[in-house]
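Protein chains in written order, with the numbering used here: chain A, 1 to 397; chain B, 1 to 172.
Derived by calculation from the structure, the hints in this document are not laboratory data.
Careful, some of the hints might be misleading.
To be verified - So the derived label-pair ranges between C-beta atoms look like this:
(1) A101/A <-> W144/B: 47 to 57 Å
(2) V123/B <-> R81/A: 56 to 66 Å
(3) L97/A <-> V126/B: 54 to 64 Å
Heads up, the beta-carbon is just placed ideally off N, CA and C, and yes, glycines get one too.
Single-letter residue listing:
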Amino acid sequence: MESLLTRYRNVSILMAVLFAQVLGLAIQVRRAPTGESNRLIRVWAVAAVTPLEKAITRMQSATGSLWSNYIYLRGVRQQNRDLKYQIENLRLQQVRLSEDANQARRLQALLNFKEQYVAKTVAAQVIGSTGSEHSRAVYIDKGSDDGIKNEMPVITADGVVGKIWQVYDAHTSLVLLINDQSSGVGAILANSRLQGILRGTPSGEVVLEKVLGDEQVLPGETVLTSGGDQIFPKGLPAGVVTSVSRGPDAFLNIRIRPAADLSKLEEVLVITKKEHAATEVTTAQPTRAADILAQRLPSVPDNAAEVTEGPGDEKPAPAPGEANATAKAQAAATQAAGAKAGALPAGGPAGNGSAAAKASQNSSANAVKRISDKPVTSTVKPEHSPPDSTPVEAKPQ
Amino acid sequence: MPISYTSGEQVEVYRFSLPVAILVPLVAIFLQAFLPARLHFFSIFDLPLLVTIFFAVARRSPVAGLLTGAAIGLAQDALTHRPLGLYGIAKTVVGYGASSLGVKLDVENPGARFLVTLFFYVVHEVVYFTVAQGLVGQKLAWSWPHELGSAFANAALAVPLFFLLDRFKQRA
Numbered sequence: 001m002e003s004l005l006t007r008y009r010n011v012s013i014l015m016a017v018l019f020a021q022v023l024g025l026a027i028q029v030r031r032a033p034t035g036e037s038n039r040l041i042r043v044w045a046v047a048a049v050t051p052l053e054k055a056i057t058r059m060q061s062a063t064g065s066l067w068s069n070y071i072y073l074r075g076v077r078q079q080n081r082d083l084k085y086q087i088e089n090l091r092l093q094q095v096r097l098s099e100d101a102n103q104a105r106r107l108q109a110l111l112n113f114k115e116q117y118v119a120k121t122v123a124a125q126v127i128g129s130t131g132s133e134h135s136r137a138v139y140i141d142k143g144s145d146d147g148i149k150n151e152m153p154v155i156t157a158d159g160v161v162g163k164i165w166q167v168y169d170a171h172t173s174l175v176l177l178i179n180d181q182s183s184g185v186g187a188i189l190a191n192s193r194l195q196g197i198l199r200g201t202p203s204g205e206v207v208l209e210k211v212l213g214d215e216q217v218l219p220g221e222t223v224l225t226s227g228g229d230q231i232f233p234k235g236l237p238a239g240v241v242t243s244v245s246r247g248p249d250a251f252l253n254i255r256i257r258p259a260a261d262l263s264k265l266e267e268v269l270v271i272t273k274k275e276h277a278a279t280e281v282t283t284a285q286p287t288r289a290a291d292i293l294a295q296r297l298p299s300v301p302d303n304a305a306e307v308t309e310g311p312g313d314e315k316p317a318p319a320p321g322e323a324n325a326t327a328k329a330q331a332a333a334t335q336a337a338g339a340k341a342g343a344l345p346a347g348g349p350a351g352n353g354s355a356a357a358k359a360s361q362n363s364s365a366n367a368v369k370r371i372s373d374k375p376v377t378s379t380v381k382p383e384h385s386p387p388d389s390t391p392v393e394a395k396p397q
Numbered sequence: 001m002p003i004s005y006t007s008g009e010q011v012e013v014y015r016f017s018l019p020v021a022i023l024v025p026l027v028a029i030f031l032q033a034f035l036p037a038r039l040h041f042f043s044i045f046d047l048p049l050l051v052t053i054f055f056a057v058a059r060r061s062p063v064a065g066l067l068t069g070a071a072i073g074l075a076q077d078a079l080t081h082r083p084l085g086l087y088g089i090a091k092t093v094v095g096y097g098a099s100s101l102g103v104k105l106d107v108e109n110p111g112a113r114f115l116v117t118l119f120f121y122v123v124h125e126v127v128y129f130t131v132a133q134g135l136v137g138q139k140l141a142w143s144w145p146h147e148l149g150s151a152f153a154n155a156a157l158a159v160p161l162f163f164l165l166d167r168f169k170q171r172a
């Protein structure tokens, strides 16, 4: 036996080393896939590589900043003019959109919707990658000292990037990109409101899964986060549909071009705090000149609501009228959701029939029903009523 | 044909100083992690694999080759979010194979180095895919055009890189 081992020494060592690694793999696969079991080895490897990456990245950033801010200023005047023109256009657009947004908020408050807000973000710089085509992830220069924790969403101004996979030390974390095949993001199509799961493929593409084959999805449609994964806030841009084909099973094969350019990531934002809050109607609305006059003129009756509301609103509306108003509110809410891109829960009329979609549809319908059932529920002030006017009450029949 | 058969006595065996043996693989792993974040196309190269092949062929010791491959592979694994051992096993096999081949064949000239790298890149990928799919249950897409393209790219890079690394070789 001994002579056999001596004779086949090399092969024996090869087998022993391979066996040890296979055993190690088997243990890791049985445990959690987050790498907690071999954290020390990973921390050592990361600590050996990332300091140099950070130093080079900072040096590169400083040099780039010096060049672009102080030396290479060609075309800045023209750019300034273009930006000013752009600001003017955006201001005009803002005026239009703010009215829509106010209306959407009022409708959301009416329906008791809870919104998710991105309360706090931390800007981070990408310092390196995993260096493997089989592991699509990048390292960032922010870690536990900056409040970064596992599973936090990572975005850019363009859209979703991925989530924090592992926080290694005070200033280093690993971000799993959405085009890695082990990632998954709850997503919704902006126009058709169909829900699915955004996944990476082995070749690094992004696809939208679990959309039934009998649904109609067109290339060019925007994909947003649905918030169903409990990681990403609702309504963030995730990508655009590039091609749609029928898959081998009952689902569509939908390819997505990610909104953020995942191959050229430099700076990212980590969402460190999200808040769930009921939509509040802003009270700081522009007051009309007529309303100011109404407050000051002595001949104005005390019940201002009666003045500001139309003649039909003076009395509690009859049942058919109220049902009609409720239906209108629901329709307007759905329309506003389309305009506001993902602000409302998915599952509108064109839902794909998934459990989540149905659940949110039911909750939406129930919210409307509650409003019409309760004796006094809504205390939302009319849009243009004076601040001290009596709240409009939705009374039952 | 650039590859010529030589007996064990005819083959030159090289060794490397400790700093070179440690620093060269570390630099390769560092560049592999750093460059693809800036130059996306660089992700098709596998510098740690090229270093594994170079050390294995130069040392011509299967045990040293497989241990070098295992160490480099595990370090590479540690930077990914996948389980440790996928690259480790693949590079162990490559290290053993390349050093065993180095004992039998003269692989010092550029043509031989190109072909050896081409061959072992494919071996590396086959082992990685087999282990990842068979043991870990990962779904990986095997694409011959992509793998062959990467193999040629790595082989082309190996020729000047090995020429550069030849400067660190010391006769045993």
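So, going through the hints one by one against the coordinates:
For the hinted restraint 47 to 57 Å between A101/A and W144/B, the CB-CB distance of approximately 53 Å keeps it satisfied. A C-beta distance of roughly 60 Å is found between V123/B and R81/A, which places it inside the suggested range of 56 to 66 Å. Here the CB-CB span from L97/A to V126/B is close to 56 Å, well matched to the stated 54 to 64 Å.
Taken one by one, the earlier hints all hold for this structure without exception.
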